Amino acid sequence: MKLILFYLRKLFAVVKNEVIVLPSRVAVIFFFLFILLLPFFTDDIYILRIFTLASIFAIFAASWDLLSGFTGQMNFGHALFFGVGAYSAALLNLHLQIPPWGSIPLGALVGVAAGLIIGIPSLRLKKTYLALTTLAFPIILLGLVFTFPGFTGGELGISGIDKLAPTRVQEYYIIAVLMLGLCTIMWAITDSNTGIIFHAIREDEIAVRASGVNTTRYKLMAFCLSGFFAGIAGGLYAHFMRIAGPSTLEVSLSFQVVIWAIFGGAATIYGPIAAVFFLYPLVEFMHVLKDYRILMFAFIVLLVLLFMPDGLFRWLRDRVEEECPRCKVRNIATRKICRVCTAQLH
Amino acid sequence: MSLVVDIIISGVISGSIYALLAIGFSLIFGVARIVNIAHTAFYMVAAYCIYAITNYLGWPVVPAMFIAVIFSVILGMVTYKLLLNPIREHEGAVLIATIAIAMIFEQIMSLIFTGTFLSVPKLVEGFFAVLGVKIFYQQLLTLCAALAIMLVLLLFLFKTKFGLAIRSTAQDREVANLMGINESYVAMITMGISVGLAAVTGAIVVPLTILEPHMWNPPLIMMMAVVVLGGLGSLKGSFVGAFILGFAEAFVVFVFPMGAFFKGSVALSIMILVLIIRPEGLFGVYFEEER
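Listed in order, the protein sequences are those of chains V and X. If you read the first sequence in my numbering, its first letter stands for residue 673, the second for the next number, and so on. If you read the second sequence in my numbering, its first letter stands for residue 298, the second for the next number, and so on.
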């Protein structure tokens, strides 16, 4: 009893001293609550479907950020992981009758293998060469998909896959909770020592190697981790849409994820997630504009970038928060002195 | 035997088209470090312009081509000045800005011309036969035009003062700036030249191909593969790479049944194999890393 009280008091203290004081953390809390409570406010299948897909793409965009945003290994073919995850989950489910809870993690493991395969050329290629090479991989796979339509379903894709759960609300909860969990894990990875090494590899790989870090291992690790998370997203997508088609491997999906991630702010994890939850419903709700909606989407992206080239959400965060020049702790922008070391702000 | 002729004709034509596109892409990358995804979108814009001028205004094809190229060059320079120049320091932002620009062009084209397949009449009719293979005069014309444009570009880059400025900016931006070259001006003109090349490619390809709003996608990927295969920033590399991939595609299409489905895969696999052996491409210039 006392122990529980102790932890409760500790939780209360953390919330009071570390969460409430920063608008970005409050926003994260609200985001969690919004995602978890959404079905209580609406049971509109259409809205739930939009947010379910947004959750899937949020995992996907965050996994791109984990790889390309953090380690700077520009991946233009991120749809490969998504497509590999979707196709292998679908094939495993259809031919071996493995239920979704088995086929999705197995699909993610295939994603890890894909990450290794892409990762190996990346060890020698730099920057733009790497970006343009990775672009090739999903297209090669797409060619194979079209060449063997008997096994892969060709243009139509693989349909008749098991549902994730009987009702839409259950599906929403499975995917939303997974999204929150996986994104928290990705954030934790990037916030750990590994994440610092990822950052350092992007900034100056030679210096990192000179400090005695095996950058090869870390780069491959980034590829595998990213492949894992994107593979899960792909598997979820296949089971949610109940079809794994060539659209999961298309160039436009690879570009889309880059747009989401950079629009939100690369190398932040929260940026891409927020960007997906901002842009995806926006595009869906713009269906009143009919033919103009993709045009509007492109214009919005272009204009936002013109004024906030570091990404929308990073820009927003820098407006409401300020870093203490002495102890590097973040403070709300309205404060005059730092909340930890009482140094003068700005 | 006719198979060989088929492969050679088709390979030479697609090779020369890829070469033109890749050289333009490589130029702007070298000078301004912009990975211009919208490059082939300009090619599409020029092609649609020609269609619009010949169909709605009733003009003949040749002046329509000139107007289309000029229009695309102006469009390219304005886009660069307004949308890309302000964010040039942010690599990622430039990248998705060019993707967004390409999407905008695609959408505008599909709004104006709808998604239907369109075509433009050939400049010259007729064909002659070599070993039982039809070779259209239009194909020969396209080939000659492509080679002529490449020759002019080479003369411009290697024999004029401005060409020297472009090459030196590509080699080292800062030093070029210190030597009194107005780097942002050079970048804008290079963007114009690069888009101009894409537009010219569009103009000479348009009688051979079908117009549709997604037509910028397939050449984009092949163009990027060519550029990487040949080595970024190397004109010779782009030229050689384009013909290697052009012939590889033609070979796969004509030799294997179903070849059209995996021609891209084969070409891209060749690119990856070359890169694994030579990470900087066939004739890659190793750029000084900007730290």
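Simulated from the structure, these hints should not be mistaken for lab results. Fair warning: there could be bad hints in the mix.
Covered, in the sense of this in silico footprint (three residues per stretch, anywhere, with C-beta under 8 Å from a C-beta of chain V), are these stretches of chain X [what the hints assert, rightly or not]: (1) 376–384; (2) 391–397; (3) 404–418; (4) 519–529.
Computed from a predicted model, the values in this text were never measured in an experiment. By construction, the Cβ of each residue, glycine as well, lies at the ideal position given by its N, Cα and C atoms.
Verification of the supplied hints:
no.	hint	verdict
1	376–384	holds (count 3)
2	391–397	holds (count 5)
3	404–418	holds (count 4)
4	519–529	holds (count 5)
The structure fails none of the hints (numbered hints given earlier).
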